[in-house]
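> In case you want the letters, here they are:
4 protein chains.
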Amino acid sequence: MDQRTEEGIMAGNSFGEIFRVTTFGESHGEGVGAVIDGCPPRISLSSEDFREDMARRRPGTRSFSTPRREEDQVEILSGVYQEMTTGTPITLFIRNRDADSKPYEILRQLFRPGHADYTYFKKYGHFDFRGGGRYSARETAARVAAGVVAGKILEPLGIKVLAYTIELGGIKATSKNLDYVEKSSCYCPDPKATKKMEETLSRAKKEGDSIGGIVEVRVTGCPAGLGEPVFDKLDADLAKAVMSVGTVKGVEIGAGFEAARFKGSENNDPMIKEGFASNWAGGILGGISSGEEIVLRAAMKPIPSISREQNTVDREGQPSKLKFGGRHDIASIPRIIPVLEAMVRLVLADHYLRTKAVT
Amino acid sequence: MDQRTEEGIMAGNSFGEIFRVTTFGESHGEGVGAVIDGCPPRISLSSEDFREDMARRRPGTRSFSTPRREEDQVEILSGVYQEMTTGTPITLFIRNRDADSKPYEILRQLFRPGHADYTYFKKYGHFDFRGGGRYSARETAARVAAGVVAGKILEPLGIKVLAYTIELGGIKATSKNLDYVEKSSCYCPDPKATKKMEETLSRAKKEGDSIGGIVEVRVTGCPAGLGEPVFDKLDADLAKAVMSVGTVKGVEIGAGFEAARFKGSENNDPMIKEGFASNWAGGILGGISSGEEIVLRAAMKPIPSISREQNTVDREGQPSKLKFGGRHDIASIPRIIPVLEAMVRLVLADHYLRTKAVT
Amino acid sequence: MDQRTEEGIMAGNSFGEIFRVTTFGESHGEGVGAVIDGCPPRISLSSEDFREDMARRRPGTRSFSTPRREEDQVEILSGVYQEMTTGTPITLFIRNRDADSKPYEILRQLFRPGHADYTYFKKYGHFDFRGGGRYSARETAARVAAGVVAGKILEPLGIKVLAYTIELGGIKATSKNLDYVEKSSCYCPDPKATKKMEETLSRAKKEGDSIGGIVEVRVTGCPAGLGEPVFDKLDADLAKAVMSVGTVKGVEIGAGFEAARFKGSENNDPMIKEGFASNWAGGILGGISSGEEIVLRAAMKPIPSISREQNTVDREGQPSKLKFGGRHDIASIPRIIPVLEAMVRLVLADHYLRTKAVT
Amino acid sequence: MDQRTEEGIMAGNSFGEIFRVTTFGESHGEGVGAVIDGCPPRISLSSEDFREDMARRRPGTRSFSTPRREEDQVEILSGVYQEMTTGTPITLFIRNRDADSKPYEILRQLFRPGHADYTYFKKYGHFDFRGGGRYSARETAARVAAGVVAGKILEPLGIKVLAYTIELGGIKATSKNLDYVEKSSCYCPDPKATKKMEETLSRAKKEGDSIGGIVEVRVTGCPAGLGEPVFDKLDADLAKAVMSVGTVKGVEIGAGFEAARFKGSENNDPMIKEGFASNWAGGILGGISSGEEIVLRAAMKPIPSISREQNTVDREGQPSKLKFGGRHDIASIPRIIPVLEAMVRLVLADHYLRTKAVT
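Protein chains in written order, with the numbering used here: chain A, 1 to 359; chain B, 1 to 359; chain C, 1 to 359; chain D, 1 to 359.
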């Protein structure tokens, strides 16, 4: 135990103020999970409720995602009695299976470029690198599970969250048929673009490379009045939620970066009897929901784990070559889709409970 | 007092976990201010320290910003004894002066498109609309003041934060001479672009319109190890900090949205003996600083207050025309520059105190 | 600036989760105050509302309390528009006047036994010792002001908080005429005991000594259902609230320490149609209010500032004699009465907003 | 799902700011557990470390405690790699076994006097009453487990926490031989008193009744400087920690309630070269540790579950008789001893991490 042991590592694994989610677990440990404190009582909840979203996040269900088979069954360890929440902490646990740690042995020596190996080493000194440990995408299974519970709060209010791919490997969706999303292997609302995206994924796979993309999230049915200025604005908390997901490098609301090129007279959404004549604002004004659809986009970098040889250094800083064989996806899309939906649900459920002063 | 009085409005005016800043105040009330709880003792601090940053945020010091004269002198009401912090809460107060509330009288009836008038009305029912009240840019004076104190923590560590304009009204900076920033009326590192930006601002002013832009923030000297995964990642907290500033509609780290078009082999920064051969990551990996420069960009919409006539509705939802005469800027740039710097400083100071396990 | 400057002092000056109060200020600085974040909008509030409670806490209004004259007028710096709360942070400020720092000069060298001089020196190194600085009873003026706002939330719910002296300098109240409390110079419900308490105070004053006592706080009208187990139980938060007040050394709920001598068959309050046949529980079961009166008691030590000569050490640890001449009370009672009421109100208002699932 | 479902239940199951513990689980559900977020990395930890404290809390190991056999083995589900903490959330889980829910069936109809059945019903509507569910003493197993981890932080600092019985069923310990504590069936430092306490327990058991008592907790080796005024004072947080444990009805520091009868000249601990000549303050001045031993006492009511017949009402408020047969202890002492020690450890570990500015 060296002198660094006395350093404080400040708790950063909880999200939300009232609907408060704490995730835990590592990729190749016992499992991953979440404790939800602050969920209201008398909401129906059973293991069945998690099946659909967990399946969407699961690797291997779509082409191009990692062949690792995870069953990802959610066990409810506490907080539910007779399939109904009790208002006490809800613990969700997803046991790890089928974890092969051998390919990761090389990480005892070498850092993977673009990955968190190096920063975890610098911060914690001692860390579980097997399968990415805590910084593995595996942790997002806990987020998706928690998002299901958040969805149970939003559902009776008519608030719906839908995410879909609008760009992958440089291929942009040019049409938006939201009904097509679930049919697309890439959760893309454009059938033609889907096809090109599949080709791009194939090519990247063959090259031992990876690609990035952009996902749009759309919230319908959200009443006006959610958001707590000046710091816990709805858009600020959404930005944090989305940026806290691995591979996300950018987030924008409504017109986003394009708004920087608009004039005020173009960007201001005129008000009409029914609400707003346009929605460049993306449903949020002054950090508070306006009653319009909430629209945000997240940009994902290509996942850093690639099978091509890369230049790196070892733990002593000596240059080395790395050719990493672990199983991995070609892109964080489409498995990231239910994760982003879950994060948006967590924000909305929390903010809904934070204020009832809505119309 | 109607029945909505019982609704909880959850506190959202504090930022940071250890270095915790709470801002208060309205545009046309007594003043705006901040309480900082969690600032270490024995840091020198006096009213003088605030002068420079407050002046940069002040309207009227550059062309194209509102002619309202604010002196913006920061009074230290607590927490400092003999020009040195004591570890107790530091209260900073900036008294309002020269506030003309008359032009805002029309807001008793009409909502300004693109502004928070409508959402504040929906959320709070009763609010101070004079000068934008709590949602006025005036509130950012308190942020800048708090950022000065954060800077006092970062300074001895060699951590520096610099923000500058890279796009304004569609004009992009094509060269980056950071020494020029302070000389540019738009805080732009490109002299030629500055000139065009000035022309664009002039044109917009003549048209009674407003414009948006993009600011880049660069942090040098930040050690590896800051950031608390999985939710309080450094990039996640930066995204929230920046998005909580009015007019910001997008934020990106490092390659940002462009990363979505990269391949992994291009986007992964190769590791070398000295650290990293490139910095597409923008200095953050897995939510933890890597020791490289932190680079982020924020996109600002055109400010919603314009003098051109707009379509809107009144508080009863009846259509109306609004021609609003209040004083206002043409763009949130450049006055937003010190605000963004302040927010980034708040994040860094807080995360620095949250973990000392740095190299 | 020595190396201790880098140590984190964790923010500890806020209380409450939704109705969140942060106090600031020092005895001989500019003033003391509080920021309340999370107060619902549309509650009437003006400077007048504070007058009565501030007067009760004010020194010099009763015999035996310090002759220092404080006007203690509460300025509302933010969060209120047209005498109604807006849901934004409410800042209350009480300017210091009539502060004579001379008697405190000796504290540059010597520690007062029983006081926080020594621990503040050890913790912060640099601190404002004038008048006790941050650890002065003066800070409680901010608590009382915040408690007035909390009372505005409780009042329409019919929740009332009353504190009174049941023991002072060893003199116990043997009758409880709550109507007499306001008439008693010691806020004691027993006229005969009041007289003896006055004599005890006189004697202690003559001897240059101080005395302690016990205050009981009684809450009527509190509905069942307040309290958030397992840590934020109502009794746990009340204990913290009361123990956070200077000179308090013990707190008990209902039967309190006497419950340790009861049998279960005696201590269990039988349930009847109307609720409970007795109230040994003091209105709280399992950390949740039961609908019965909440009853708690706080024990106060004699205030440490006495004029008798005492043995102490200087900042280098060398033995010395201290004869301290600063103005001070003989007992924290009765001035502590409105402070304890305020703290209980803060807990109740916060817990009320934390849960509406009450009957 | 009735309309109450929308009510917010604010998360109250976490304790601590940096070393943050969230407990979960119910008596007759899957198990109970704790997630610790904010534990520093590189601390050795294995299942073995929990054995001793878990055994001390376990029922059936001493006479007079419930015959229910619990193995109480602590599984580490996350946060530890190769028997060393990693700085990520540590999840501890204690699976329930041997739970007979039949005796609790009657609680579907009747409330046990003195118990939380009634208040949980009022607050949550739907709750798990089997074995007391969330409000069972079973939950404290999670606290004890978390306290073991806190102890790992305190141990290298030389901070030790010891609790012992000083009164039980009216029998007071009159001698303090701390070496005897572990040998006493009641964790009492007085052999003669132990014998009388055993007799008192026997008599109460025969009568189908229960008894209360007082426990003293003593902390040695705590440096000066812990505690964060003005609200998160060390004594305030200790009071909350202790009062949050079931059956505790009172808490006092140092001289406690007796201090109310002292004069200042008696109660002020004179300062000497070595520190303090006495310790009436109980090691805390102004909410900050002074470097002296920290001494506190907690008063426990008799546990409410007794086998004697009691008057109560059913869920409709109709009078009824209750004769409850569930297994239960005669007193919360001695099983509460390791729980109180754990809570004090949680406070100290958290406050230690909150401030390093100690001597």
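Mixed in with the good hints there might be a few duds.
Treat identical chains as interchangeable: a pair holds within one or across any two.
As a list, the in silico DMTMM-like pairs of lysine to aspartate or glutamate whose alpha-carbon atoms are at most 25 Å apart [unchecked claim]:
#, residue 1, residue 2
1, Lys-263, Glu-83
2, Lys-323, Glu-274
3, Lys-172, Glu-258
4, Lys-152, Glu-30
5, Lys-160, Glu-83
6, Lys-176, Glu-258
7, Lys-263, Glu-198
8, Lys-192, Glu-83
Simulated from the structure, these hints should not be mistaken for laboratory data.
> Please go over all the hints and tell whether each is borne out by the structure.
Going through the hints against the structure:
Proximity of Lys-263 to Glu-83 under the C-alpha cut-off of 25 Å is found in neither arrangement, the shortest distances being 53 Å within a copy and 38 Å between copies. Within a single copy, Lys-323 and Glu-274 get their C-alpha atoms only as close as 58 Å, which misses the 25 Å cut-off; across copies the closest is 21 Å, which meets it. Proximity of Lys-172 to Glu-258 under the C-alpha cut-off of 25 Å is found in both arrangements, the shortest distances being 16 Å within a copy and 13 Å between copies. In this assembly of identical chains, Lys-152 and Glu-30 lie within 25 Å of each other by CA distance solely across copies; the values are 23 Å between and 27 Å within a copy.
In the homo-oligomer, the alpha carbons of Lys-160 and Glu-83 lie at most 25 Å apart inside one protomer (23 Å), although the nearest pairing across protomers, at 39 Å, exceeds that limit. Taking the closest pair of Cα atoms, Lys-176 and Glu-258 come within 25 Å of each other both inside a single copy (19 Å) and across two copies (22 Å). Taking the shortest Cα distances, Lys-263 and Glu-198 sit within 25 Å of each other only across copies (15 Å), while inside one copy they are farther apart (38 Å). For the homomeric pair Lys-192 and Glu-83, neither the shortest alpha-carbon distance inside one copy (43 Å) nor that between copies (52 Å) is at most 25 Å.
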